[in-house]
Each structure stands twice: as C-alpha cells, then as structure tokens.
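Participant: Next come the chains, spelled out residue by residue.
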Amino acid sequence: MKLDIVKNRFIFLALSALLLLPGIVAMIYSTITYPTHTPLKVGIDYTGGTTLQYGVKEAITNDKLASVRSSLEKGGIENPYLQIINVNSQQDTDLKSILSIRTKFIDEGSTEQEQITNIVDSEFDSPELVQVSSVGPTLGMELFKNSLIALSLALVGIVAYLTFRFQFDYALAAILGLVHDTLFVLGVFSILGLVYGVQIDALFVTALLTVIGFSVHDTIVVFDRVRENLKYYSKKMSFGEIMNASINQTLARSINTSLTTLITLLALYFLGGVTTRDFVLAMILGIAIGTYSSIFFCSTLVDVWEDKKVPGKTAA
Amino acid sequence: MKNKLIMFWVIVLLAITSIVVICTKPTKLGLDLVGGSRLVLEAQTSDTIAQITPDMMESLQFAIENRVNKLGVSETVVQRSGEKRLVVEIPDVSDLNQAKAYLGETAELDFRKPVMKNGEAEWEATGLTGKDLSRANLSTNSQNGQWVVDLEFNGEGTKKFADLTKQLVGQPMAIFFNGELQSAPVIREAITGGRAQISGGDSGFVYEEAKKMVDLLNAGALPVPAKIIEENTVGPTLGADSIAKSKIAGAIGLGFVMIFMAIYYRAPGLIADLALVLYGLFLFALFKAIPITLTLAGIAGFILSIGMAVDANILIFERTKEELKAGRTLFTAINSGFDRAFTSIFDSNMTTIITCVILYCCGTSIVKGFALTLAVGVIVSMFSAITITRNFMHLIFGTGKLTHPELFGLKASEINDSFQAVETSREKAKFGILD
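As you go down the protein sequences, you meet chains A and B in turn.
In case it helps, the numbering used here puts the first sequence at residues 23 to 338.
In case it helps, the numbering used here puts the second sequence at residues 746 to 1180.
Fair warning: there could be bad hints in the mix.
Pairs of lysine-lysine residues, derived as DSSO-like cross-links and limited to a Cα-Cα distance of at most 27 angstroms, are as follows [stated by the list, open to error]:
no.: 1; chain 1: A; residue 1: 118; chain 2: B; residue 2: 972
no.: 2; chain 1: A; residue 1: 126; chain 2: B; residue 2: 829
no.: 3; chain 1: B; residue 1: 1033; chain 2: B; residue 2: 990
no.: 4; chain 1: A; residue 1: 86; chain 2: B; residue 2: 972
no.: 5; chain 1: A; residue 1: 126; chain 2: B; residue 2: 990
no.: 6; chain 1: A; residue 1: 79; chain 2: A; residue 2: 24
Non-contacting residues of chain B with respect to chain A, defined by C-beta distances greater than 12 angstroms in every case (computed) [stated by the list, open to error]:
no.: 7; residue: 762
no.: 8; residue: 772
no.: 9; residue: 803
no.: 10; residue: 822
no.: 11; residue: 900
no.: 12; residue: 910
no.: 13; residue: 930
no.: 14; residue: 932
no.: 15; residue: 978
no.: 16; residue: 981
no.: 17; residue: 985
no.: 18; residue: 1010
no.: 19; residue: 1076
no.: 20; residue: 1123
No lab work stands behind these hints: they were computed from the structure.
Given the structure is predicted, the values throughout are model-derived calculations rather than measurements.
Beta carbons: idealized from backbone N, C-alpha and C, even for Gly.
Chain A extracted, bound-state conformation (with noise of 0.2 angstroms):
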C-alpha cells in the first residue's frame, strides 16, 4: 500500500477543516447559549455544586455503590459524584457509613432533592439525611488560568527545541497539529455537552495534556524520517516525492503505535469504570486524530510551505 498524500493534500486539509468545523461552531454557540459562557458544559470541579449525605447503618459495598450511581443516572441526576465516608466508632452515633452524592447546586427541599432521597431510600434499610450543604470549586478560575499559562510556556519550549533540531517551519507545524488535536478533541466534547449533557471535569485537563504529549511525539517521528530523507536523496527527488516516502515508510510504525496505546485506552472505556469513561473517550478521540494529523495535516503544511519558498516548483 502507498499513500499519495502530497498529490491529495488540498483534499486532506479540506477534510481537516471538515473535522474540526462542527466542534467550533458547537463551541461558539455554546459559550453563547450557556449561563457559565463557557465553549464547553463545565461540571461542579469547576462551578461547586450541592453535597447530599445520607447516613447508613450499613458497610456500603462496591455494588451497593454502583448500583446507587446507576438508579441516580437513570433518574436523570447528572454527573452524580458518590463517596463514601466511613464514620469513625468513637462518635456517638449508630450510623456505620455516610453516603455523600456530589452534584450541580439544587436547592434545599427541592423536587431533585426529594427524587436522590427516594433513590436511596430504595437502596439502603432507612437512611436519614444528615447534611445538605454547596460546595465551592475544586479547580477555581484561578487553578485553571494558571495551567493555561503553563501550557504556553509549554508550548513555546516545544517550538524553540525543535526550531534548534529540525526547522521553525517544522516546529509550527508541530504545533500546529497539537492545536488541530486538541481542537477536535475540545470540539466533539462541546458537541457530547450539547446533545447528552455530557460535562467536563478536572480530568479533561490531563486528558487533554495526554493527547498534547502524544500528538507532538507522533508527529515528530514522521518528521525525523523527512530530515534523514533529506539527507540522502534531496538531489534525487522532490521535496513532495522525499515527504510522501517519508509519509509510507513511517505509516506502518505510525498505526502499530496508536494501535497498541489505543488497545488498552478501548478496553478502559469498555471494561473499566464509568468515572473515568470521559476521560477515557477524550483520550482515544485525541490520540486517533493525532495519528491522522502526524500522517495528513502536519506533513502536508510544511509541504504546502515549502513549494511557496521554492517559486515554480511543483509538487510530486
């Protein structure tokens, strides 16, 4: 099998655009539509919410605690966090343990309220409602501006190394893929938020750094072979011709790669628990488009660049 990237590289960076269209026009309008003016539905780590707990006068098992979160799901209560507080013997109570149910602000004697009671009051032998309380954020503006920030530099230490290994069309490139990822990625969850309510938490953060890590990594080894090519054969063959060999001779390595990060991620989402589902998804979606922009979108750009610094050649 060989892919002519180069002569269909107008088509690729069409199909990029494509990909990434819908998530940014659900991501405008969302910022738009939501009260939190945010491109994406925000869970409680980043608003607080309401902490429900209920007093039991039993262990709570792992069952007992799926079970809960899976009647609490199907009642429509989203994104419910459950925990399980164990009361210490010392206090003068005969409850065994505390169930707290973390979820978006409701208000005190609410019909949401009277719904998660009777949920759990089907689940446990007469439990009482010991506290109601809202909690603050877990990841203030604050904390979250500041990972921005780090992010940047990030990015810029990223730009200036392979500036000084390969060249600063290659470094922008680079980058730019990781924004056409992380892009994509931010997109479809912004679509998931509108169409199923799904929210982001805390753990989209790293998530979205994991597919970052990746879609740099992966473009690179592409890269690297384009820079070797190079060495040997530019007398003999176009920049288009060097780029496409490149592309092929990479493209086995490429998919074994994604392949296998991509095995352990699917048996995750579908074996593992539903708290880590999202997070899970977010990787799989990052690290396959990442493989799909290391191979069509990075190559080509610097392809596209380099036919403009060289007037009236053409490619492949």
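Could you slot chain B onto chain A? The hints should help.
Facilitator: Chain B in isolation, oriented as in the chain A frame:
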C-alpha cells in the same frame, strides 16, 4: 559479547532490586483512587471578628492550602462548604496527626516590650508581628548546637525592628508565638540588619518544634481562627466501584498489547514484551522509592509513557526489518535499526521531557502529578527500549546471517540477496551512514 553479559546481569540485578522495593515499600495512592481522611474546619468568631465574611473565607482557604503545601502533602483537596466551613481531604498516606496539628494553628508571632503597670512588669504589644517577616529559616546555634529559628524582616519590618531595638537598648524584648513567650533577650545595641533569631530559651527547641514554627511562619497566619469540628475517613472520590473495574480493564488492555506485539513482530515482539514487563517493574519501584503519590492524572501519564515505550520498540523493529530486507546480517541490522531509530526516539522524548519540566514548574497539582509520572516514565522507557531490548536481541540472535526470517515476521523471498551487505561500523551507523 562480554560487555553484553555484564549488561545482562546488571539488568537482572536492577529487576531484583525493583521487586524488593515493590514488596517492601508502601504504594502512595491519591484521594481519587483510595480515599483518605476528611477534616472539616470551621472558622471561629472571636472578640475581634464578629462575623465571618466570604472574603475572610477566601483568605482562610488560601492560607490552609498554603500550609498543606508546606507540609509536603501532595494531592490534597481544600474546598469551601457552606458559609464558614472548609473541607480538607488528605490522602491516606499522609500523617494525619501532623496535618491536624498544622491546620488549626494560628501562627501569630509578635514582639513585645516591657512596661510597668501598677507597679508590675508586663509585656506590651509593639505592632511588630509575623506580618513584617519576609521569611523564616531553620538553623543551629554555632555555639551550643541547639536548634534556632532565624527571622528575616521585609523592608518595613526591618525599619520597625531597628526603631524598636534602638528604643530598648539595655532592656529585654520578648518574642511571643501564639501567645506563648518564646524568649526575651536583652538588647545590647540597635539591630539594623533586618535579622533576628529565636533561641527557644535556655533549654532550646526540639527539632520538630522549631521546624513547625518555621513552616507555620512561612505559610502565614490564618486570617480567622479555625477549629477542626469533624474528622472521618473517606472512600475514593472516583468511587470504589469504578476503580475496581478499571484495574481489571487496564490489565486486560496491557495483555492485548503484549499479544499484539508478539503476533505482529514475532521474536522481537516477545523480547519487547519482556522489556515492557521490566519497564513496569522499574517504574513502579521508582514511584515507590521517590515517592510519588499516584492519582488518576498520574496514571494517565503512566499509560502515555507505556505507549511511548512500546513506540520506541516499534520504531526500532520496523527499522531492523527494513535493514534485514536489504540483506544485512543480524548484528548489523539490529545495530543500525537501533541507531537510526535513535534520533526519532531522542527528539520525541526530549520534547516530552521539556513539556513535563515546564508543566511541573508552573502547573497546578493535577498537572504536576501528570508531568512528574510522564517524565519519569519517558526516561525509564528510553533505558528499557534501547538498552534492555538491544541487549536481549544481541544475546539471543547473535551475530550471524538471518537464517530464520519467520522469527522476524519476514518471508525468505522478501530478503534481498543481491545486496552485498558490508558490515557498517557503529560510528558510521550512528550518523545514519550505511555502506
């Protein structure tokens, strides 16, 4: 060949050390994975503070976060709850009693001067307090070797302190910490350098006492007194049910990866699997030895580093296959496979390490956990993929001509016999020059 055997035994020794570390040291897991302790702090009103305002709560939260960080407890969650409460969740691994001792303390340092009131000597506040410090340090007295606390004043503090000591020449000046007299040295001359020392009286400080004072002074005083009103242990924030399932899923996923490597790359794939197992051992031992508190974010970094470790092997094998197809002998093919894949592996991993260093220095706690595990993972993966895999390949396949191409997943017909392979020297191969 002799060097290769030595390297082999070094690897075996490292593996044994890792297993010993894994068996003897505890695993540090974060709140999200195993849970920990949950303390509820309540801001207290006092004579001077009639009402708790949201602003006060905000600065209280900041001060508590600051203290938790000084304590070196990683991955702690501090959250506002209701109007005057803070929920602090600390991972299982930390010393709860120490944490409790740190969180409630107010850390008020003040300097007082002697006055005579109704014929009795009393200490009177001077307005010079812990707020005027720029930092505190732990050190020892050069004469008697006792622990002391060195204080450095900020600009304003230096001036205040100079004025006060000038005024008190020949008289004692008292240093109070949390309302307790620490020491009352007699001032011999005005001190203008902006430095002072608390000696802890005749008996001196015990190390823990002095260390705690330094940490508390550096973290700043609490804007409002706070009391621990509730203390419980909590299960993992991600839900124990989910984590139990994810553990199994992760193991199944890794199993599939190993099967895939063995089927696609044959003999080298099996060697890579072995290298991957060793990689897992080394990394896990390092996490325990450093120690790193593992959270889900950290595990994401771990998964990514496994991906990159496998990738390094894949790069090398694809390259070795190409060289074998060109008709080179096993020894040359393996060496040039490694050498030519090296620049890709080096550059992509360097970029990752640079990113991690920046994220670790500037990022917030979740980002830090991720960056640290990923960086450690990538460094170990370069060792495992390059040193271990190469060593095993050479030991197993030797130096001859490729006699069993199926071991590499190649067909005999694919091997180019017309190519008269000349052994490439290692030095040349490193620069990508093949004869």
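Participant: Please work out if residue 118 of chain A and residue 972 of chain B have their alpha carbons no farther apart than 27 angstroms.
Facilitator: holds, 24 angstroms
Participant: Run the C-beta distances from residue 900 of chain B to all of chain A and say if the shortest one exceeds 12 angstroms.
Facilitator: holds, 27 angstroms
Participant: Is it true that the CA of residue 1033 of chain B sits at most 27 angstroms from the CA of residue 990 of chain B?
Facilitator: Holds. Residue 1033 of chain B to residue 990 of chain B sits at ~23 angstroms (cutoff 27 angstroms).
Participant: For residue 772 of chain B, is the shortest beta carbon distance to chain A beyond 12 angstroms?
Facilitator: holds, 19 angstroms
Participant: Does the claim that residue 1123 of chain B lies outside the interface with chain A hold up, using a Cβ gap greater than 12 angstroms?
Facilitator: violated, 9 angstroms
Participant: Beyond 12 angstroms from every Cβ of chain A: is that where the Cβ of residue 1076 of chain B lies?
Facilitator: Consistent with the label, residue 1076 of chain B stays out of reach of chain A, its closest Cβ about 22 angstroms off (over 12 angstroms).
Participant: Is the straight-line distance between the alpha-carbon of residue 86 of chain A and that of residue 972 of chain B 27 angstroms or less?
Facilitator: The given pair, whose Cα atoms are some 34 angstroms apart, is violated under the 27 angstroms limit.
Participant: Evaluate the condition: distance from the CB of residue 978 of chain B to the nearest CB of chain A exceeds 12 angstroms.
Facilitator: Violated, because the least Cβ-Cβ distance between residue 978 of chain B and chain A comes to about 5 angstroms, which does not exceed 12 angstroms.
Participant: Holds or violated: residue 79 of chain A and residue 24 of chain A, Cα atoms, limit 27 angstroms.
Facilitator: violated, 66 angstroms
Participant: Please verify that the nearest CB of chain A lies beyond 12 angstroms from residue 930 of chain B's CB.
Facilitator: The claim holds: residue 930 of chain B sits with its nearest Cβ about 42 angstroms from chain A, beyond 12 angstroms.
Participant: Looking at residue 985 of chain B again, its CB stays over 12 angstroms from all of chain A?
Facilitator: violated, 5 angstroms
Participant: Straight-line Cα separation of residue 126 of chain A and residue 990 of chain B no greater than 27 angstroms?
Facilitator: holds, 26 angstroms
Hint compliance for this structure: hints 4, 6, 9, 10, 15, 16, 17, 18 and 20 are not met, and every other hint is.
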